[in-house]
Amino acid sequence: MEKCKIESIKQLPVMPLTIEDMTWNKTGTWRLLTPVWMNKIAPCIRGCPIGQPIPQFIQAVLEGDWGTALVRLLEVNPMPGITGRLCYHPCQTACVRKDLDSAVSIKDLERLTADKGGIPRLTRRAAKGRKIAVCGSGPAGLSAAYFLAMKGYLITILEPSDRLGGFLRDLPEGRLSSEVLEREIRRLISVSGLDIETNASEVRARKYDLVLLDRTAYPSESPEARALEKFASSAGQYLDVENKEGGAGFKVVQVAEAVALGRWASNQTEQILGTAFTEESQPFTALDKGELKFSRLPDQKTIDLLERAKGGPDEAAATEAARCLSCGTCNLCQSCIIACPDACCRLDEDEGKIIIDLYHCKGCGICSYECPRGVMNMEYLP
Amino acid sequence: MKKVIMGTEAAALAAVLARVQVVAAYPITPQTVTVEELSNYVATGELEAEFLSVESEHSAMAACVGASATGCRTFTATSSHGLALMHEMLHHAAGGRLPIVMLNANRALSPPWNLYCDHTDSLSQRDTGWIQLYCSDVQDVLDSILIAYKVAEQAMLPIMINLDGFYLTHTSEIVDIPSQMEVDRYLPAYQPAEKVDPDAPSTYGAVCGADLYASLKCRRQKDMLAVEEAWLEAANDFANAFGRLHPTVEAYMSEDAEVVIVTIGTAGGAALLAAQSLRREGVAAGSLRLGLIRPFPKRSFTEAVKGAKHIVVLDRDISFGAEGIVAQEIKACLYGRSFAQVHGFVAGIGGNDITPEKLIEMVRQALSGTGDSVFLGESTWVEVIV
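Just so you know, the sequences run in chain order U and C. Everything in the first sequence is counted per this note's numbering, starting at 4 for the first residue and increasing by one. Everything in the second sequence is counted per this note's numbering, starting at 7 for the first residue and increasing by one.
Warning: the hint list may mix true and false statements.
Ranges of calculated distance between the beta carbons of each label pair, as one might list FRET restraints [stated by the list, open to error]:
1. Asp182/C / Gly355/U: 22 to 32 angstroms
2. Gly177/U / Glu56/C: 48 to 58 angstroms
3. Glu235/C / Pro16/U: 47 to 57 angstroms
Here are the simulated lysine-lysine pairs, BS3-like style, with alpha carbons at most 25 angstroms apart [stated by the list, open to error]:
4. Lys304/C / Lys8/U
5. Lys8/U / Lys337/C
6. Lys337/C / Lys304/C
7. Lys223/C / Lys312/C
8. Lys29/U / Lys8/U
9. Lys228/C / Lys337/C
10. Lys210/U / Lys134/U
11. Lys228/C / Lys201/C
12. Lys201/C / Lys29/U
13. Lys29/U / Lys233/U
14. Lys201/C / Lys13/U
15. Lys364/C / Lys315/C
16. Lys223/C / Lys13/U
17. Lys8/U / Lys312/C
18. Lys13/U / Lys9/C
19. Lys134/U / Lys233/U
20. Lys337/C / Lys312/C
21. Lys13/U / Lys29/U
Far from chain U, some chain C residues (derived; all Cβ distances over 12 angstroms) [unchecked claim]:
22. Ala195
23. Glu261
24. Ile366
25. Glu384
Think of the hints as simulated: they come from the structure by calculation, not from any bench. None of the values given here were measured: they were computed from a predicted structure. Positions of the beta carbon are idealized from the N, C-alpha and C atoms, including for glycine.
Chain U with its partners taken away, still in its complex shape (with noise of 0.2 angstroms):
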């Protein structure tokens, strides 16, 4: 750095303030623990057996966008419809909102973003050109055959009877309606770009370089069961989705976990064909609720989002969204932004996230502290 030259008082400002750059001084070097801007796994994500990213999709909803709230579900569930009336919500019972009065109603934000959102695009993975045939078309079924397709692997459903749904056609209208069923395949159906075959009656097992079998879409011994063994004797070798030995590590008990299921069959589908992309894996570490603070109750950011949405048509799920804590998860209220004595955070708008000047930062943890949500972690870098 070269040295300023002043000749007169009068070059310098009144205020005692730096008249260059001061970016050249490095203060980042003084740092010792480092901000790490790191989402967490929230407790309710932790307790949906799908982990669905649900502080995420409830800010969706808070901010009115719909299709996107919806686009974060349909990402690890291809049907938040069924789920979210069907689910027994082990995600409320997490809720660390249930400490401070009650739960947050996420089975109900899930099933209006799952009536409210449309059909959204979403982006597939390129085609691999292997082709993967379903047989069985339960909730697993489908959940797997849909997480195949949308990685790029042509899927066509092997269906013996002449509907799809499985054991979901069997409930009672008032737990599920058909219309509801109906159109959640059918989204998933557009979504996912897989073809169908319903009546079918056998596989032919070479026109695929895999077959899956899901025997938990039909009670044992129903007509749909026992067709569903022939087609698994015709295809020779099949994977099946349930696969009890070295499996998903639970018994599927309801719908929730069918459909985690059938995205752990997808992947392990991946695995045997040796297209896995490992990309998938996230480095999300989890939560603990004591990293949380809740004493600024409620937050700012929420209470201007809940402003705007009133008298609006969704203002009751506005309302209901704004009690989420976004715990684990940045919902971008800049608190560190404000924070930081050095400028050094930074709002990615395209990325959605927060971004820290690591040449500049001290490390004074200040942003970590201030955090509302426990996701600015202080970290010795070495």
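Fit chain C to the supplied structure of chain U, relying on the hints for placement.
Structure of chain C alone, referenced to chain U:
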């Protein structure tokens, strides 16, 4: 419009008329009414400002420093221990060249605990670089705050407006309140030459080497010394607009006086009455109230007392181990310029009332060398048990 209001209310009203944009203050007796009033003005929308409730006076001044640096007209108010807690930030405000205006209600420092008038709180902050003004009455409070913003924003230095605790903060008087339009004409919006600007980032109060540090301090001293004239000019403009003059020193019959009673704050009125009484008794007495004490109004003061043989100084404060602080200031000012004898009296500290009779007694003791007051060091202590 004329209204009967207290000194604390007048201060809040002046802040409203000055259209301050940020108020960060912590309540403390006897300043509390000012903070309550301002909070109310902001809540009702009569004052469009950011009112920051802070957890301490240190934070209050820190918030004012930040606010003022962004180019906002900023106001705060404190007293005694609150002012003492602000000490570090007072340096920051002055060194940062931030034109903050602050009310200080002069109150004794503890222990022993005492809520009443005493000037040691503000006078012990003399060297922080703040312009210091002491008000005589409620009208003076209102007017001085308006003049203060004009001077502060021109000099880029903060100003402390001092009010005698209870004698002025809690005394109701008739006050002529100027209209907002008139005030806007006298005091336009603050237009800072420099301010925090995210588009042109700078470091404020960055590290500075010895070479520039001394030069910057020298410039601050130069700018501070110029405030005496700047105040007179702003006060003249004010007098032209509103018909009330608030000079740096308020002298009464001092031109031909042999003995001049010097005071700061509300005792000025009693000193004037004492001078009148003494004149009737044949003593050529005058009185002088120092409005400014930082910068010390050297020119106005020496001019006003040039014929005096005795200067009786009332100090509602004490610098332990030396003497009354105002007396020291006057001695320092007159050294080598006058042969007048300076008689320092320490009286009215911790709330004792200063009456004309007491001042006459002080003058008598100063001239005769005998009386009930106790001579100690360089000062004579009034109404004390030894």
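* To do: Using the Cβ atoms, figure out if glycine 177/U sits within 48 to 58 angstroms of glutamate 56/C.
  => 55 angstroms, holds
* Confirm or reject the statement that isoleucine 366/C sits farther than 12 angstroms, beta carbon to beta carbon, from all of chain U. => 47 angstroms, holds
* **No chain U beta carbon within 12 angstroms of glutamate 261/C's** => Holds, since 39 angstroms exceeds 12 angstroms.
* For the pair supplied as a hint, lysine 201/C and lysine 13/U, is the alpha-carbon distance within the 25 angstroms limit? -> Satisfied, since the Cα-Cα distance of roughly 17 angstroms is no more than 25 angstroms.
* Asked: Any Cβ of chain U at or closer than 12 angstroms to glutamate 384/C, or is the non-interface label fine?
  -> Nearest chain U Cβ is 38 angstroms from glutamate 384/C, so the label holds.
* Asked: Do the alpha carbons of lysine 337/C and lysine 312/C lie within 25 angstroms of each other, as the hint requires?
  -> Within the cut-off at roughly 13 angstroms; holds.
* Asked: Hey, lysine 29/U versus lysine 8/U, does the alpha-carbon distance stay inside 25 angstroms?
  -> 22 angstroms, holds
* Distance restraint evaluation - aspartate 182/C, glycine 355/U, Cβ atoms, bounds 22 to 32 angstroms -> 58 angstroms, violated
* Asked: Do the beta carbons of glutamate 235/C and proline 16/U sit within 47 to 57 angstroms of each other?
  -> 23 angstroms, violated
* Asked: For the pair supplied as a hint, lysine 201/C and lysine 29/U, is the alpha-carbon distance within the 25 angstroms limit?
  -> 24 angstroms, holds
* Quick one, are lysine 210/U and lysine 134/U close enough, alpha carbons at most 25 angstroms? -> 7 angstroms, holds
* lysine 304/C and lysine 8/U: Cα distance at most 25 angstroms? -> 36 angstroms, violated
Hints 1, 3, 4, 5, 7, 13, 17, 18, 21, counting from the list given before, are not met by this structure.
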